[in-house]
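Trainee: Each chain, written out:
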Amino acid sequence: MELASTSDDLELATPVRDLSSKWTLIPLYLRAQPLIRHHIASFNYFVDKEIRQIVRWNGYVTSEASSQWFLKYLDVRVGTPSVYEHVDVQRALTPHQCRTSDLTYAAPILADIEHYRCGQKETVSNVFIGYLPIMLRSSRCCLLRAENETELAERFRECPLDPGGYFIVRGAERVILIQEQLCKNRMLVELDARGDLCATVTSSTAERKSRTAVVLRGERLYLRHNTLTEDIPIVVVFRAMGITSAAEMVELVSWHAPLLEPSLEQADSLGVRSAPAALCYIGQRVRALLQANPWRRQESSIEQRSRRRHGIEEEARELLKAVVLPHVPCDGVDFGDKSLYIALMIRGVLAAKDNPECLDDKDYYGNKRLELAGPLLALLFEDLFKKFNADIRRHADQVLAKPSRTQDFDVTRCMRSETISHGFEHALSSGNWALKRFRMERQGVTQVLSRLSYVAVIGMMSRISSQFEKTRKISGPRALQPSQWGMLCPCDTPEGESCGLVKNLALLANVTTEEDDHALRRLVYDLGTQEIRALIEYDLVCWERAGN
Amino acid sequence: MHRRPSQLAAQLRAHRRRAALGAFVSIWESATPAWRALHLATDAGRVCRPLLVVDTERGMLRLQRHHLEDLQLGLLRWEDLLRHGIIEYLDPNEENDAFIALSEHQLHAQRETDRKEHAKLDYTHVEISPEGILGACAGLIPYANHNQSPRNTYQCAMSKQAVGAMAYNQHLRTDALLYLLSYPQRPLVQTHAVEFTHFNALPGGQNAIVAVMSYSGYDIEDALVVNRASVDRGFGRCTVLRKYPVTLRAYPNGTRDTIEPLASTKTTTTTSTSITNATTGMKSDPGRQTAERATTAPDKEIAAERRRRVAEQALDGDGIAAPGMRLDPGAVLVNKYTPLETLQAPFFGLTNEPSDGRSVSPRDATASSTAGWRRTAKRPALATYRAPGGAGVVDQVLITQDQNDLRLVKVMVRQTRRVVEGDKYASRFGQKGVVGLIPTEVDLPWHGQSGIRPDIVFNPHGMPSRMTVGKVFELIAGKAAALDGRLRDATAFVERRGLDSTEASAEALLRLGFAYSGKDVLYSGISGEPLTAHVFCGPIYYQRLKHMAVDKCFGRARGPRAVLTRQPTEGRSRDGGLRLGEMERDSLLGHGASLLVLERLMYSSDAFAAFACEACGHLGTRDWCQLCRQGNAMQRVLLPYACKLLFQELQAMNIVTKLRLGDAG
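For the protein sequence lines, the chains are Z and G, in the order given.
253 is the number that UniProt numbering gives to position 253 of the first sequence; each next residue is one higher, with no gaps.
641 is the number that UniProt numbering gives to position 641 of the second sequence; each next residue is one higher, with no gaps.
Isolated chain Z (complex conformation):
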């Protein structure tokens, strides 16, 4: 004891620069941000913000049978875990009840809707559209209402040390494993299957996912996209986007102009010199079956009709606008941002041609994104919500098409909450994430929480599973990357086939949730950033001067 106290005194006497006890920050950090924080934070973001956005984006239903009828979602919210015993009687649920009685710990999703009924608009609030399984210790969980550990133990019969972050589905505790993915909407310069240099972007928006690449084949640059039957010379793409002069293209890329020359010459040899000609060229090479969106069949048929009217030019323009690089917004026929982005991709490819160090490393952890419960549930919810609305629309079409109806059509009566409730329950209890929108079919997304010991629980909650196939004998993705330092545990990985593909988060690592970027955008402009397109004229002059 004596020794201990003297050593404490010694520590106090040391100068400020020696902070041997700074590790005590870790427990403080973990108190503020518990070990399972990422799961809970991402779920909270989904429940508080993202669900609203999804409903706002998809919240308008009309019917072909009646031009007057409509359904509009004004707002949506998630209640606290409970079940409807009768129409209006709710019984609150606790996690312990759910575990013992094989129930699902879920909360009703309530929407405020506006719809057309009896010849006028009618607003109904708190319409029940389905149950959402609730993550334990999230903002909607009843355990948050416990004031202290004693109450938690006595009233809720819950272990105060239980980390939460999992779901209870039909009495079974299920965890959504963290999924590791390659970063979306980000350029990666790499070699393709044929060994050609290319800059690829996997774009992902709420509407669609697509993969676009700028390839350097021989000396020439091409744009590659899976809706196009062959690679399109990059100059043709630029021309189709309204940038017709070679000087403009060179200025957009503004990187080693001589490297662009072969590509520029090629377009001339093809005889594509104007925007309509370029659009025509692209339009002829569009794959016949465009990726049909199952929930937007109506619109796509309208699109088809318009396509027939305006011909292939319009089709090509539509393709460039919405399918190629969909994450870069396009205002009307203004392809400014998109052409700039393509120019940037070209730059990446050309730079890597000179210097192989400019190739990106796919395994670099900065190029990875971790998908947590929130985003995964958001994907699922959007799919289910669209299905839910499609059902309503179909029902409305049927009822409203009848010439005489005994009752006025009331949309609140035909809402099938099972679509959403069962969809969630099934996905969580089976681990199969099947999304029709993206033709995504993932298995083993959820697992039963292993309750062998407390460490097993924590270990499972911080597990990251990678999308790579286990059978492939590639060492790259399995290897420990220097960029994983401090983010992932260097030790904790299983032996055998999934070695290095299943990882664990380090103690201090945190996974971000989405943040609103409006403030950031404004700040960046306030700090003197200028719109790049405002400077193009000036740059062009500069380049010409440099050329002379």
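Keep in mind the hints are simulated off the structure, nothing from the lab.
Note that the coordinates shown come from a computational prediction; the quantities given were computed from them, not determined experimentally.
Some hints here could point you the wrong way.
Some chain G residues judged to face chain Z by a derived CB distance under 8 Å, without partners named [said to hold, decoys possible]: (1) Leu21; (2) Asp43; (3) Pro50.
Backbone N, C-alpha and C define an ideal beta-carbon position, used for all residues, glycine too.
Chain Z is fixed; fit chain G onto it per the hints.
Mentor: Quick look at chain G alone, frame taken from chain Z:
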């Protein structure tokens, strides 16, 4: 577009440190010169980690001692550190723009050199603590930095299989299968991560006194020798809780499953037979049955009676096993009955009154018409107890309703398990082994000074090739901790000073009258003489792993057979046998033990008496050969059923097999 991107980045970072921007916004300059871009990321799913910010002007950490003290006192919160720019989050991309010192000493050292050279300071951040790179499981390994790296990986996988305490509400929970250590202990040698993962509150192991020596030869290949007296005292004892759920279903015709109470003592005989053998109980009338009883062999009757006793042993008045009752294999947990007719509406009463709570006695059956009886009759669908490890005790019974409002009965059965040979143990260094021998305490060596006998004898051959130096350190630190009553810290990568250093522990041992090296004189438990070598002994934290011999061992004399081949089934879950495989067969053949091969591969497996025609060699029936159109040359042949099956399958492919019969002799 911006004229000075670095300046913009610096300004944005300054804003972030003042919490004018979200803490998780990351700002980095593109590494590829071609892009000349400043990237700002706000998207979801980036991994990032907190780092201490260095004040580059002064070359010192922004974090100061008083901050730490204020934090301890609760005057400052973590968020305040973020707001004051003392700490910030960096993701891998932004880390590329930063220069991170591993410790503040590096920072300090650089400052000393820079003072001489008057150069600008480089370091922008300092790690909070090097142990932060480890995960929750790896953080629990003491002296992880002293081990060979795959050992730490093995331990990470094994710590998840360790049996221990799971949660404070573990006895209230109804998990399908739960392993709990009866007397878990917190480790004597701890790490910082023990605190973060609540390992002290919910531990997963016990401190075992280990003697590193060879004993008895039952310790080869990592096997452990465990002290029988320690097992008696509760070392490694664990509780296994198993759930037996029973749902009472409702059927389309309005009938439901019911739970029947045991009938009163008067009619015990009839109902009990209906439990064990329901069909006979319902068909024959009671009088005749007793008459039959007298004539049947007494052994059979005694066995049946015993079975009945076992079946009823735990049942309570309500037809459900009562908490606290002993359960032997075959005991009824829930006395459930299912209606025979579940689709068509019954003749009388049942739709309005699903169950009157009584099973139909044979007398009722004869009274009503046969059809009517059939529709009200019930068939027993008893939930019986069967588990590896034999008897158990009803821990608790839960009666509730599930999602579809069906009645749900969950019976939790508890078993307490001692350590037996074959159970798996592991220390915290990826050193796993099974228990090879459990000798009585008197046979084990004892410690000269204290008289302590080890709980575990660990074979020293496990050490050199595994290179788990941490285990050696743990033993010394643990010994000192046990003797002076102060837990030792063994966090990885942390520079240990004061009492936590291994030297200090060794000196403490010396002060307390033990050897500095940790090696003491042990006396042989068998001869009573001191052992010639000094033995390295002390406490090491051992985890009991969930793989237990009772759950895995099996064997059979008689049992089920596969339908197709009539061979015994395979696998424990199917009550199968142990396969005498090709290699074993070869070995027997090599020894010329042909009769043994015949016995194993035919008589004990799928012997089949077939009839073959001597004339044509085809299989036929007892007195007819279909090929010869006569039956006077049929001979009885014993052959494996699989062989007969093969003949028939070949026949189906138009391939004829002929048996040439000779004298078996």
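Trainee: Next, verify each hint and record whether it holds.
Mentor: The hints, checked one at a time:
1. Leu21: At 6 Å from the nearest chain Z Cβ, Leu21(G) passes the 8 Å test, so the hint holds.
2. Asp43: Hint holds; Asp43(G) Cβ to chain Z Cβ min 6 Å, cut 8 Å.
3. Pro50: holds (6 Å)
Violated hints for the displayed structure: none, as all numbered hints are satisfied.
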